[in-house]
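Listed in order, the protein sequences are those of chains H and B.
Once you know that position 491 of the first sequence is 491 in the working numbering, the rest is easy, because the numbers rise by one and skip nothing.
Once you know that position 13 of the second sequence is 811 in the working numbering, the rest is easy, because the numbers rise by one and skip nothing.
Derived from the structure by calculation, the hints contain no laboratory data.
One should not assume that every hint holds.
[Claimed, not checked] Covered stretches of chain H (chain B as the covering partner; in silico rule of three or more C-beta atoms under 8 Å from a C-beta of chain B):
| no. | segment |
| --- | --- |
| 1 | 25-31 |
| 2 | 192-206 |
| 3 | 488-501 |
| 4 | 715-727 |
[What the hints assert, rightly or not] Simulated coverage check for chain B against chain H, where a stretch passes if three residues somewhere in it have a Cβ under 8 Å from a Cβ of chain H:
| no. | segment |
| --- | --- |
| 5 | 821-835 |
| 6 | 850-863 |
| 7 | 888-897 |
| 8 | 906-916 |
In this text the structure is predicted, and so the values were computed from the model without any measurement.
Beta carbons are placed, not taken as given, at the ideal position from N, Cα and C, and that holds for glycine.
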Amino acid sequence: MSDKLVGQPLVRKEDPRLLRGDGRYLDDLGRGALAAAFVRSPVAHARIADIDVTDALDVEGLVAVYTHEDLPGRVAEPLPLLIPHPDLSHPRTPYCLAKDEVNHVGEAVVMVVATDRYLAEDAAERIVVTYEDLPPVVGIDQARAAQRLVHDEVPGNIAARSVQTNGKGDARGAIAAAPHRLSLDLQIERSASMPMEGKGVLAHWDADDRTLRVHTSTQTSTSVRLAVAAKLELPPDRVEVITPDVGGGFGVKIVHPWPEEILVPWAAMTLGRDVKWVEDRREHFISSAHERGQQQHVEAGFDGSGRLLGLSVEIWHDNGAYVPYGIIVPIVTSTQLLGPYKVGAYRVEFTSLYTNTVIVTPYRGAGRPQGVFAMERTMDAIAEYLGLDRLAVREANLIQPEEMPYDQGLVFQDGRPLIYDSGDYPTMLRMIRELVGWDGFEAERAAAAAEGRRIGIGIGAYVEGTGMGPYEGAHVKVETTGEIVVSTGLTTQGQGHYTSLAQIAADVLGVGVGDVTVITGDTRRFKYAVGTFASRAIVTSGNAVAVAAGKVAEKAKRIAAAALGGGTAPEDLELVDGTVRRRDDPAASIDLRTVAVLSNPLRYAFDEAAKAATQFAAAVGTGDEPGLEATGYYMPERSTFAAGAHGVVVETDPETADIRILRYCVVHDCGVVVNPRIVEGQVHGGVAQGVGGALYERIVYDDAGQLVNASYMDFLIPFATEVPHIQTAHMVTASGVNPLGLKGAGEAGVIPTSAAVASAIEDAEGLAVRRMPISPSELYELRKLHETRKSRKEQVSA
Amino acid sequence: MTEQLHQITVTVNGVARRADAPARRLLADFLRMDLGLTGTHLGCEHGVCGACTVLMDGVPVRACLIFAVSADGHAITTVEGCCDSGGELGPVQQAFQECHGLQCGFCTPGFITTITAYLEENPKPTEEEAREAIGGNLCRCTGYQNIVAAVLRAAEILRERDADQAGAGGAA
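Chain H extracted, bound-state conformation (with noise of 0.2 Å):
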């Protein structure tokens, strides 16, 4: 129907509480709470010989200060493993406050807590530790190398060790009898989420109540709500979390608990008063997570047209000082890495390394732009290889519309078959190539050339598993003012849930998207979810608040039927415009808010409404319950897949090695889009990260383990100047797998740019590209060394 909802690109609800200034983050809340401030570690590998924490006595304003030695019980324990896996044999998370050993530079070490911050700062500035200096172990060659240990007992520094093969035969020996064969050395560096508003606790302890409320900026509320629970020894019911505005994630705020997210609880409770921390913007560099970061060695056999027929690569992670989050980001750039193309005999190997630095957990793409850097550049090195068009070479390999439902023969991330639901891949690579000008791109460079300008054409093509299990949840009510309350239990940070949430419950009910308000991460309000990451929360949430949705519409429909008499049967009614009506006689019709009035048999008449109720008390039927409201879940049987394609024009000054985006171009599926505003929304937030991840964003450590960027001066976010105009272009198909046909959107425009740059790069300078990111200088060393093998080469064949 044209008059539906989903579908339509309709402004944010929420957007005019943020815009007058009236949003409410962590930070604003909580005014007059005490104020905590942590002491980290300055350095990234030593033991703790000594704390003094004397001179911060003197400070006025001081309240507690901790270390490791008062933290009692669970809490001094370390925290959870949250995602155990058996390839993961040697574990090891951080405790809250380091205990005798810091394994990187900005760990916790003490938590000062006074009146307000400056204060809290000025007491943690006087608390002096002594550090008894161990080698650090810092970057994958290191770490690989094991002559240092990060943790003593764990050999070679190895986290986990895993091997997965997509069940087609054996891929080394596939490569050895394919007719052609090459090897690439490739290399991805070390960024981060970076969200604006990083992150903050506030916590309040109800003595009376035994209730501890907690105010996080987190992607999962219910999770860390049982996991502060866990920690602290309190039932589970005593515990309220609540995530309120957040200003982004990425990726950084779905790892829990965090060290602070149990140690201002805990406080809250000992001292018996408000507290609240939030990080700033150098803590968050040196303590919260990091990505990216990977070796990648791949090996490829190959026919004369460019088919894969064996594909080995392996792959060395580096997971930072603690694996709290497990192994997620290295599996999913093992089993994303095929995207959208069907290969021979498959084999992947990855090795996650413990080094001295912050921990690596997913940052939005969680792995699979290092998967794709590496499909990528091996289809740009075949066709280089062979002399075919890089085109002609991935149309070679991709999987066809009529191969769907496709079978990847690996496991995913969510421990289930990695089975594509559905995809045109063949007419996104058309779409690609006509909307970037593939076809008359050789005339453009002509012209380029001739004002002595160098310009190159890449692209880069994935496939995401979006939408994971295990679940959502959702509870609609209808109230009896006739407001439709929608509370779903996972957070949202920005991607504009209140408003395509609303869509959705909108359609079902017959109701305006301004009837509706959604409620997002609040366990007052839902207690079970799993949360917002991994491109999830539209295809989860948004079919669960289908499903609760349609079952209040059916109460509706067996109340009114009631209401109505004469006959009238509940499946005679439709929900239109407000009003449950009768669909051969809309006159015959109830407004949806007398229904909720209905619905709740009273005794009492203490209002106009409640006096109808009192009337009306027999609608309910006796096998019903009071209240127009139900809970609804989603519990998807396995990931679905979306897909996308990036063409990229850049142009490479000759001279500087300055290098610019001419032209960026997006094909997008993401299967039916509830919202297509927010959709493009997201994609072009995706490619501005990409842009950063592929020229200019790199975490830098030194040999002594320092972070030495740890600031937005030195640390490069490219600004409106550094990210071009996307052209974007979406194609639909639907998903085979969830009842709305919903694939997610999140994640998609940051996967693929790095391989799309790269493949510009190379094609402006005719070198190859084997690490991102790329700068001018770097560029410029790659010509200097391109130049010097170019000479060689020619003196020998003189």
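Fit chain B to the known structure of chain H by using the hints.
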């Protein structure tokens, strides 16, 4: 040791406000902690991200790089002051909603104030100028494209309003 407090008087969004604060209190913290105006956000506290941008006597400044005592006697406009009278969205805010120029909304207040001042200076920017105008503020969500569109749309809304006012004036 007790910190000495200074009486600070500023006109914030047209209203005279007075509070006592230590000399080291940042203007951003003064607005947020002492005056309860939490629309101004802190993203980096070292003057790069621009989330804390407010207008001091009409000029954009980073409220994380200025002590509150330095603002004594000055007029400050925050994002709360960029609304129309009656609390309706002001032209820049309205343009942001129409163009989907915000996602998480955390950096948005700094963009709103920056653009408000910019359009005073250049009421009819080109797309390139609009991009340049927001080139000092970081956003991690939007990729900026829709913010550029919002700058252009805000300029259009301001012109429409001017035309309406001129029309109304002519009729009277």
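Okay, the hints, checked on the actual structure:
{"no.": "1", "hint": "25-31", "result": "holds (count 4)"}
{"no.": "2", "hint": "192-206", "result": "holds (count 4)"}
{"no.": "3", "hint": "488-501", "result": "holds (count 4)"}
{"no.": "4", "hint": "715-727", "result": "holds (count 7)"}
{"no.": "5", "hint": "821-835", "result": "holds (count 6)"}
{"no.": "6", "hint": "850-863", "result": "violated (count 0)"}
{"no.": "7", "hint": "888-897", "result": "holds (count 4)"}
{"no.": "8", "hint": "906-916", "result": "holds (count 3)"}
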